[in-house]
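**Q** Residues per chain, in single letters:
There are 2 protein chains.
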Amino acid sequence: MQREPQAFDRVLSSMCTEPHPVAREAAERFLATNPGDPGTYPTVAALEDDAIAILGEIAGLEDPAGYVASGGTEANIQAVRIARERAEAKRPNVVMPESAHFSFQKAADVLGVDLRIVPVDEQYRADLEAVRASVDSDTALVVGVAGTTEYGRVDPIPALAEIAHSADAMCHVDAAWGGFVLPFTDYDWHFGHADIDSMAIDPHKMGQAAVPAGGLLVRDESLLDELAVDTPYLESTSQATLTGTRSGAGVASAVAAMEELWPGGYRSQYARSQNNAEWLADALEKRGYSVVDPTLPLVAATLPRSTFDALRAKGWRISRTATGELRIVCMPHVTREMLASFIGDLDQLEVRASVPVVSDD
Amino acid sequence: MQREPQAFDRVLSSMCTEPHPVAREAAERFLATNPGDPGTYPTVAALEDDAIAILGEIAGLEDPAGYVASGGTEANIQAVRIARERAEAKRPNVVMPESAHFSFQKAADVLGVDLRIVPVDEQYRADLEAVRASVDSDTALVVGVAGTTEYGRVDPIPALAEIAHSADAMCHVDAAWGGFVLPFTDYDWHFGHADIDSMAIDPHKMGQAAVPAGGLLVRDESLLDELAVDTPYLESTSQATLTGTRSGAGVASAVAAMEELWPGGYRSQYARSQNNAEWLADALEKRGYSVVDPTLPLVAATLPRSTFDALRAKGWRISRTATGELRIVCMPHVTREMLASFIGDLDQLEVRASVPVVSDD
Numbered sequence: 001m002q003r004e005p006q007a008f009d010r011v012l013s014s015m016c017t018e019p020h021p022v023a024r025e026a027a028e029r030f031l032a033t034n035p036g037d038p039g040t041y042p043t044v045a046a047l048e049d050d051a052i053a054i055l056g057e058i059a060g061l062e063d064p065a066g067y068v069a070s071g072g073t074e075a076n077i078q079a080v081r082i083a084r085e086r087a088e089a090k091r092p093n094v095v096m097p098e099s100a101h102f103s104f105q106k107a108a109d110v111l112g113v114d115l116r117i118v119p120v121d122e123q124y125r126a127d128l129e130a131v132r133a134s135v136d137s138d139t140a141l142v143v144g145v146a147g148t149t150e151y152g153r154v155d156p157i158p159a160l161a162e163i164a165h166s167a168d169a170m171c172h173v174d175a176a177w178g179g180f181v182l183p184f185t186d187y188d189w190h191f192g193h194a195d196i197d198s199m200a201i202d203p204h205k206m207g208q209a210a211v212p213a214g215g216l217l218v219r220d221e222s223l224l225d226e227l228a229v230d231t232p233y234l235e236s237t238s239q240a241t242l243t244g245t246r247s248g249a250g251v252a253s254a255v256a257a258m259e260e261l262w263p264g265g266y267r268s269q270y271a272r273s274q275n276n277a278e279w280l281a282d283a284l285e286k287r288g289y290s291v292v293d294p295t296l297p298l299v300a301a302t303l304p305r306s307t308f309d310a311l312r313a314k315g316w317r318i319s320r321t322a323t324g325e326l327r328i329v330c331m332p333h334v335t336r337e338m339l340a341s342f343i344g345d346l347d348q349l350e351v352r353a354s355v356p357v358v359s360d361d
Numbered sequence: 001m002q003r004e005p006q007a008f009d010r011v012l013s014s015m016c017t018e019p020h021p022v023a024r025e026a027a028e029r030f031l032a033t034n035p036g037d038p039g040t041y042p043t044v045a046a047l048e049d050d051a052i053a054i055l056g057e058i059a060g061l062e063d064p065a066g067y068v069a070s071g072g073t074e075a076n077i078q079a080v081r082i083a084r085e086r087a088e089a090k091r092p093n094v095v096m097p098e099s100a101h102f103s104f105q106k107a108a109d110v111l112g113v114d115l116r117i118v119p120v121d122e123q124y125r126a127d128l129e130a131v132r133a134s135v136d137s138d139t140a141l142v143v144g145v146a147g148t149t150e151y152g153r154v155d156p157i158p159a160l161a162e163i164a165h166s167a168d169a170m171c172h173v174d175a176a177w178g179g180f181v182l183p184f185t186d187y188d189w190h191f192g193h194a195d196i197d198s199m200a201i202d203p204h205k206m207g208q209a210a211v212p213a214g215g216l217l218v219r220d221e222s223l224l225d226e227l228a229v230d231t232p233y234l235e236s237t238s239q240a241t242l243t244g245t246r247s248g249a250g251v252a253s254a255v256a257a258m259e260e261l262w263p264g265g266y267r268s269q270y271a272r273s274q275n276n277a278e279w280l281a282d283a284l285e286k287r288g289y290s291v292v293d294p295t296l297p298l299v300a301a302t303l304p305r306s307t308f309d310a311l312r313a314k315g316w317r318i319s320r321t322a323t324g325e326l327r328i329v330c331m332p333h334v335t336r337e338m339l340a341s342f343i344g345d346l347d348q349l350e351v352r353a354s355v356p357v358v359s360d361d
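From first to last, the protein sequence lines are chains A and B.
In this text, residue positions in the first sequence follow this note's numbering: the first is 1, and each later residue adds one.
In this text, residue positions in the second sequence follow this note's numbering: the first is 1, and each later residue adds one.
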């Protein structure tokens with residue numbers, strides 16, 4: 001095999017990152033284990049308990065229950081599935097802001113529930129009036145996002161939980177990306193702040209674990225029963241995951257990263273990432289681009305499509321929001337030097353664009 | 001982290017195995033990539049095309065289409081999902097033999113389809129008369145298994161495909177475990193042998209790749225459209241997988257293992273595993289146990305529960321079929337020496353059981 005993996009030195013678009021060295025080491029050691037078969041692989045099954053314990057601590061959840069999923073998509077699908085199973089409606093619906101991740105669209109397709117997508121306010125957060133107006137007796141779940149994919153915004157989680165419960169619906173928080181930075185902010189986002197029922201929180205994003213290490217947390221362990229199927233030939237009684245065989249590497253690396261970095265390491269990483277985001281936002285603004293205030297370490301700014309394409313042609317891995325803005329995620333591997341080099345390339349393009357083209361150029 | 005991964009020297013129950021050294025090396029190199037985001041990680045996305053090309057060759061599929069899934073469970077769920085989307089019935093049903101994997105139960109739960117479970121014949125293969133009697137105009141999918149989880153049996157795939165298509169249903173083959181041994185047998189099991197529509201075939205089982213590396217193959221690429229959701233902010237247009245972020249390690253290790261081992265390495269591994277299974281079956285039969293003939297490298301035998309428990313207490317990772325038989329999977333890491341040591345422990349237990357208990361014992 002001649003192909004070499006992508007280097008991270010120009011990756012500005014990913015919500016994944018280079019695993020922390022201790023996470024990589026643990027992933028390599030546990031590469032050949034399967035937490036989906038705890039009777040055969042008891043050590044990694046015990047590690048999964050450790051992972052859920054630390055995730056619970058991070059997310060303000062006493063007596064935490066849940067499992068290490070393949071990622072935020074699986075955790076979101078499973079949360080919708082729990083709500084569907086609990087609902088009495090013939091055709092349950094899920095109410096969520098338009099800022100929610102497309103995995104909820106996948107969940108709705110797979111699970112046969114209706115999605116009611118409500119607008120966001122001028123701060124890109126779920127519009128509470130719209131949520132209230134959309135919830136009805138068929139609503140199984142209200143979704144709030146703690147760290148949106150496009151602008152890093154945090155929905156008003158306590159109010160969403162209240163609306164959900166007033167309609168006998170459940171409340172799920174998608175903190176897949178935000179969960180490892182929000183503990184160092186003033187936001188109300190977790191089980192300790194609001195009466196939420198479930199959460200997606202991914203060690204393999206800001207948690208610096210190796211892929212695949214997502215997290216599903218539930219307030220009440222009995223919620224996992226909604227997901228369980230009997231597992232003959234495995235020496236365990238049931239399986240609540242969406243996948244069967246799972247990666248022991250993901251589980252072990254999640255534990256290693258969280259034991260190493262929670263809370264001090266994550267706190268300093270948050271500070272570094274947030275500073276970088278603010279520096280980048282500032283640099284873009286100074287150059288006349290319209291920038292969405294980076295309230296978490298994620299920067300969005302308007303940029304002409306031709307400039308975007310030229311930067312991609314220079315090897316920068318950048319992405320766009322649904323409305324076409326440049327979107328840069330300040331993950332742990334994104335350094336100030338990378339951002340300065342990116343801005344340098346942008347400046348060079350702009351200079352060229354402003355110079356009249358001559359035939360020898 | 002003090003915990004050490006499970007050694008494989010007593011694992012007789014798993015359908016996963018130690019990754020081949022080249023697969024491990026590739027997994028470690030690609031640990032920090034995400035084929036779920038091909039715009040950001042183009043190299044691993046190209047590797048996934050290589051994986052599907054080789055899987056197609058193994059499974060007799062020209063112009064192969066599909067993707068590297070988290071495992072057989074995801075591939076089976078997705079096959080049911082494709083069939084559900086194609087079906088016109090309001091409540092589609094899936095017809096499958098009772099020998100099919102429990103992931104189809106999970107698929108039915110998640111996707112809201114009915115499962116019609118039909119008996120097997122005296123050879124533990126789908127009973128064709130029962131399948132015919134169960135199929136009706138609401139049938140979306142007929143499932144055949146090529147290498148069952150409990151007894152390693154291969155259903156009559158061409159006949160199942162015929163029954164499926166005569167009812168305008170699709171036909172899916174679960175070769176998650178069998179796919180890397182069946183090419184060296186006389187069975188009719190793949191796209192070249194029968195008019196099947198989709199297949200689960202897992203590199204991370206007999207293919208010796210690292211978890212997670214399952215495989216979903218479809219005869220016609222347009223079938224994947226049934227699974228696609230739009231993916232804003234990713235620099236690719238749509239995503240057909242069930243999970244979002246995926247493990248580049250799994251993809252890279254699948255390609256490395258298959259390039260190294262297909263076909264010669266897999267052929268000799270099959271011969272070794274099959275010989276081991278026959279040796280073990282013979283050893284158990286000689287000791288008076290009733291053994292299911294190992295037509296593929298998987299041995300099932302009746303064994304008293306107390307003996308089973310005593311062997312587990314000695315550290316053997318063994319499992320049972322739904323009816324309680326001992327079940328041993330002769331994976332690549334299972335050597336003749338391991339099996340001889342296992343039989344040695346069994347003999348010791350039997351000697352003890354036949355010695356009258358004295359108070360000093």
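Careful, some of the hints might be misleading.
No copy labels: a pair is met if it fits in one copy or bridges any two.
As the list claims (entries may be wrong) - Quick list of in silico lysine to any residue cross-link-like pairs, SDA-like style, CA-CA up to 25 Å:
{"hint": "1", "residue 1": "K314", "residue 2": "G264"}
{"hint": "2", "residue 1": "K90", "residue 2": "L115"}
{"hint": "3", "residue 1": "K314", "residue 2": "V351"}
{"hint": "4", "residue 1": "K314", "residue 2": "F102"}
{"hint": "5", "residue 1": "K314", "residue 2": "P42"}
{"hint": "6", "residue 1": "K90", "residue 2": "D109"}
{"hint": "7", "residue 1": "K286", "residue 2": "A271"}
Derived from the structure by calculation, the hints contain no laboratory data.
**Q** Against this structure, judge whether each hint is valid.
**A** Hints and how they fare:
In this homomeric assembly, K314 and G264 never come within 25 Å of each other (Cα to Cα): the closest approach is 36 Å inside a single copy and 42 Å across copies. For the identical chains of this complex, K90 and L115 are neighbours both inside a copy (14 Å) and across copies (20 Å), given an alpha-carbon limit of 25 Å. For the identical chains of this complex, K314 and V351 are intra-copy neighbours only, at 16 Å inside a copy versus 73 Å across copies, given an alpha-carbon limit of 25 Å. For a Cα distance limit of 25 Å, the shortest separation of K314 from F102 qualifies neither inside one copy, at 29 Å, nor across copies, at 48 Å.
Proximity of K314 to P42 under the C-alpha cut-off of 25 Å is restricted to the inter-copy arrangement: shortest distance 15 Å between copies versus 48 Å within a copy. With identical chains, the CA atoms of K90 and D109 are at most 25 Å apart both within one copy (16 Å) and between copies (15 Å). For a Cα distance limit of 25 Å, the shortest separation of K286 from A271 inside one copy, 22 Å, qualifies, whereas the shortest one across copies, 68 Å, does not.
Consistency note: the structure conflicts with the earlier hints numbered 1, 4.
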